[in-house]
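Residue-level listing of the chains:
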Amino acid sequence: DVKVTQSSRYLVKRTGEKVFLECVQDMDHENMFWYRQDPGLGLRLIYFSYDVKMKEKGDIPEGYSVSREKKERFSLILESASTNQTSMYLCATRGNTEAFFGQGTRLTVV
Amino acid sequence: TQLLEQSPQFLSIQEGENLTVYCNSSSVFSSLQWYRQEPGEGPVLLVTVVTGGEVKKLKRLTFQFGDARKDSSLHITAAQPGDTGLYLCAGDGGATNKLIFGTGTLLAVQP
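For the protein sequence lines, the chains are A and B, in the order given. Throughout the first sequence, residue numbering follows the working numbering, covering 1263 to 1372 in sequence. Throughout the second sequence, residue numbering follows the working numbering, covering -18 to 92 in sequence.
Derived by calculation from the structure, the hints in this document are not laboratory data. Since this is a predicted model, take the numbers as computed values, not measurements. Accuracy of the hints is not assured; some may be wrong.
Only pairs whose alpha carbons sit at most 30 Å apart, straight line, appear in this in silico DSBU-like list of lysine-lysine [unchecked claim]: (1) K37/B / K51/B; (2) K1315/A / K1332/A; (3) K1317/A / K1265/A; (4) K40/B / K1265/A; (5) K1275/A / K38/B; (6) K1317/A / K40/B; (7) K1265/A / K1319/A; (8) K37/B / K1317/A; (9) K1319/A / K37/B; (10) K1280/A / K1332/A; (11) K1280/A / K1333/A; (12) K51/B / K38/B; (13) K1315/A / K1333/A; (14) K1333/A / K1317/A; (15) K1333/A / K1275/A.
Distance windows between CB atoms, simulated [as the list claims (entries may be wrong)]: (16) K1280/A / P92/B: 41 to 51 Å; (17) V36/B / E1318/A: 27 to 37 Å; (18) V9/B / G1357/A: 20 to 30 Å; (19) S1270/A / K38/B: 23 to 33 Å.
Yeah, the Cβ is synthetic: ideal placement off N, Cα and C, and Gly gets one too.
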C-alpha cells in the first residue's frame, strides 16, 4: 500500500521560530512536492524536487526553503515563521501518473 | 504562471440532484486530473483525461476534457451524501511533472 507520511498532523509555532515539516514516501518516486492549501485558493505549489539534492521553486516560494538529502525524504523549512504562513501543508509524490498525498500538516503560527 | 479556475466555489444540494463543476484555464495542458479530498485527508485521484474531447465515466461521475485541452467539467448524476467533499482539478505541467491545481469546489450533499 502506498504511503506518504507527514511527521505531524497539527503544529502550533510562534512568530519568528524556524519550523521543519517532514515528509517521507515509500514509493521510490523521484518527484516530490510541497503545497499549501487555503480556502478558495486550492493547492498552491511551494517547491518541488525531481531528484536528490535537486529543487525547483514553485509559485509561492517566498519565506520557505526545502531539503532533499535522501530520495524518500523531502523537508519544508520555514526560516522565520510568520502569521501569514498559517495554513494546511500537503506533501505529495508522483511517478508518471497520479500524485499521492500525505494527510497534511495544519500549521498555526501565533 | 498557469492558473486553473473552478466554479462554483461552493455547492450545497439535496440528495438525488445533478450538478456540474467546471475547471477553466487559458493554458493548454497535456492531461488533466480530478481529485476528491475528504476532511482530514489528502486528495485522492478520481480520473485522468488526456485527449481533447475525451469523456470518461466513473459510475455516476462523468468527466470531460475540452477540445482545446484548456478546460474540463465534472458532472455528477443523482448526487449522494457520500459524494460530499472538495473536488480539485489539476493540470499536468509537462516536462517538470508538476501538477497545477485548481481553486477547488466544495460540495455538500444533504440527505
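inquiry  = Need the list of violated hint numbers for this structure, in ascending order.
reply    = Hints 5, 6, 8, 9 and 19 are the ones this structure does not satisfy, whereas the remaining hints hold.
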